[in-house]
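Engineer: As a plain string of letters, each chain reads:
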Amino acid sequence: MYRLLGHAGTTELLMGNEAVARGFLEAGGGFASGYPGTPSTEVIEALADVAKEVGIYVEWSSNEKVAVEAAYGASLLGVRSMATMKHVGLNVAADALMSIAYTGVKGGMLIFVANDPSMWSSQNEQDDRYYGLMSYVPVLTPSDPQDAKDLTVLGMELSEKLSHPFLMVSTTRVSHTRAPVILGPLRPPRTKGTFAKSQGLALVPAVARQQREKLISKWEEIERLFSELESVNAVEGEGRRAIIAGGIAYQYVKEALDEVEVKDVKVLKLSTPVPLPKGLVTKLLSDVDEVLVVEELEPVIENQVKALVTDERLGIRVRGKDLVGLVGELTLSRVRKAVRAFLGLSYQEPQTYELKLDLPQRPPSFCPGCPHRATFYALRRAVNGLRIKAIYSGDIGCYSLGLYPPFGEQDIILEMGGSVGVANGLAQAVEGQVPIAIVGDSTFFHAAVPALINAIYNNAPMLVLVLDNRTTAMTGEQPDPGSGVRATGEPAEVVSIEEIAKGVGVREVVTFDPFDLRGATQKLMEALDYVVKERKPAVAVARKACALEAVRKARRMRVQIPLYQVVDDKCTACGICYNAFSCPAILVKDDKKAWIDPSLCTGCGVCADICPYKAIVKVVKEGKGWDEVWM
Amino acid sequence: MDVSRKLSMVFVGVGGQGLMTAARVLAEAAVDSSTKALVAETHGLSQRGGSIEVHVRLGNVYSPLVPVGEAHVVLGFEMIEAARGVKYLARSGMLLTSETIMRPPLPGVRVPKRAEIESVFKSAGIRYYVVPARAIAEKVGSYMTENMVLLGALAGTGLLEGLVDMYRLRARISELPYADKNLAAFEEGLNTCRSTCGNL
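Residue numbers (the numbering used here), protein chains in the order written: chain E, 107 to 737; chain V, 16 to 215.
For the record, the hints were derived by calculation from the structure and aren't laboratory data. Some hints could be false.
Cut-off 30 Å, straight-line C-alpha distance, at most; resulting in silico cross-link-like pairs (DSBU-like, lysine-lysine) [stated by the list, open to error]:
| id | chain 1 | residue 1 | chain 2 | residue 2 |
| --- | --- | --- | --- | --- |
| 1 | V | K51 | E | K372 |
| 2 | E | K608 | E | K495 |
| 3 | V | K102 | E | K360 |
| 4 | E | K324 | E | K267 |
| 5 | V | K154 | E | K659 |
| 6 | V | K196 | E | K730 |
A quick note: this is a predicted structure, and the numbers were derived from the prediction, not measured.
Isolated chain E (complex conformation):
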């Protein structure tokens, strides 16, 4: 029995993202697409797990723009659809979003985006609720996993009723919190439909002008509807002061108010920040002296409330980011401070223990056996061997960790596919340095291919190094177009990186196995030499499966994992294996000699090649099929 398919009325501990998946099933959703991205990934993962059981279609798309377009296509056939992504993914899909608002939809369509305040796993702290204002697409924001489920159902129904797409914007602390969720009834999905021609879908200027008129009046209708949605925009308490809390902020406000004696305050839990339900908020503010808006990220509600207060001449003070602050995710202490300051109460931080000890940092690092570590090691040897000065144009993925010591081989990291795009400019304008764009397989398919075409078209001399570990590793190993398998487990065509490169006109394409250090270094030198001498782009593909995946596969298939150990007499304590190679499975003993922790070693054997004293040897031989698990 799948947890996601529990009976109506029962309570399950669900992560916010799983709750969205459950809501999709309760809404009779039939088509779900997405691109992995923390903290949004688990929605599609959860749906893919049960897709066959409930008969719905679920896919990992090649990028977010395709995911939204595909979900839109299904919606046009009357199928309720959802596209999921992290906050920056919506930048990629924004073009589609802006136009879908103009055409409207047929089957209910939700775009689920998870924002990442504090940037736990992201390059920026962007608030996607602004996209709602910009595109005239209404936004729902859950405060906890129960809301996440309920609002998914509501959003799907409203979307279909109004023939308009809906955005659901969650944040890390909703998406990645597990909490009890009371399940509702599952609804049989509609998964197929036929296309019926209709006016307004082909956005040539004459059509778009008409649709714009309709869009504006639809927006006013949605605002009125939100003002009447008392089930999700509920007011609690009485008083001359009001707090408006959006999304997760509601939970913090509730706990902060539980702790104080002052009770003459009204709280509006606002689940529909865009458009602001003006009728409801005007009523709320008509008999208060002051209002505090608490919301995560940008002042999206606050700015709309300020405009409303001016328009309606309410003449009250609107507090918000001046008390809450703009940077980082909300915490209970931050909200406590803001709420107490608003209520005129003092606040004292709790006392903490001070430890007089310097603790070493522990940033995330390449896993034991990670092929990226070997590739970065080989790349440095190749660059040093040719005595070239490299600019490492990096990208988004596990290999971003190549930024940290001992590698330092990610000089620039911008956004998905940016490695190759930025290298185009570097290549054309640089003097005496060689741009090396470093990109993973999933990111290559996602957004790097057009930049590679540009490099050929405009002849930008660069090495594009594709780290192909056969999966989207950083977000938890979701399959991608190169994996040979789809989200729901069916075998798929393997899209070849080398064939793409050759197809767009790259003349120098090499492939290597990163665990073969000598071969890898040689191939990289060959490709770099070509870039320097021929002044043309080259592509090198480092191919080896993600170690987590390989070890899992070996355990599943009962393939003996080899084990390496350090021969103490031969070890000279030089530190190359634990400092220059930095494998977490290699530990340092008191005498500075190396020791391999058998519980961490994955048997990749690269350290044995690296050791200049041949002090690392295989003590357990690999089983039959070991090479295959790394393919």
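Guided by the hints, dock chain V onto chain E, whose structure is given.
Structural biologist: Same frame as chain E, now just chain V:
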């Protein structure tokens, strides 16, 4: 179940040590016992050997995150991370930590020794107990059960009483793969703490 009580805990450790599984099992058992439970993980990249915090709150709670200085228990799966996690500990709180120390894979890193860490716990006046989690896990037959030893130690403090039924917790543990080993690890952890933690 006691509806007005709050229990705030922070599990700290290194990616891949099974913090999430321990937290999930505990929260599921809490929900089975009709107690509200919130579990929030805070870390950057999943499973990549970095520091990890999992916040677990039970009872009359709304905020998924435990504020600094307000945890009733900090449960350390690794000693350096336990020392880092001390910032969450309330002045009346209790620190339980595994004796495991993992070297951060950074060039030239200086790793503090167990005695060094314990001495700063002592001089700060922290109520702490070093659980022989790795030794117990090895005795049970799998180093992967260390997380259940620590969950057992947490249960051994008695702090879960009135919030989580022990038989429901055991039932959830027995749903895990290698249930026998995990349950054995849990019982060992519970016994070692029950005999020691009460006197802290």
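Engineer: Would you mind marking each hint as holding or not holding in the structure?
Structural biologist: Checked hints:
1. As the CA atoms of K51(V) and K372(E) are separated by approximately 25 Å, the hinted pair is consistent with the 30 Å bound.
2. Between K608(E) and K495(E) the CA atoms are separated by roughly 27 Å; this keeps the pair inside 30 Å, and the hint holds.
3. Between K102(V) and K360(E), the direct Cα distance comes to roughly 24 Å. Compliance with the 30 Å bound is thereby established for this hinted pair.
4. Distance check on the hinted pair: K324(E) and K267(E) sit about 12 Å apart at the alpha-carbon level, within 30 Å; holds.
5. With a C-alpha separation of about 27 Å, the suggested pair K154(V) and K659(E) falls inside the 30 Å cut-off, and the hint holds.
6. About 29 Å separates the Cα atoms of K196(V) and K730(E), which keeps this hinted pair within 30 Å; it holds.
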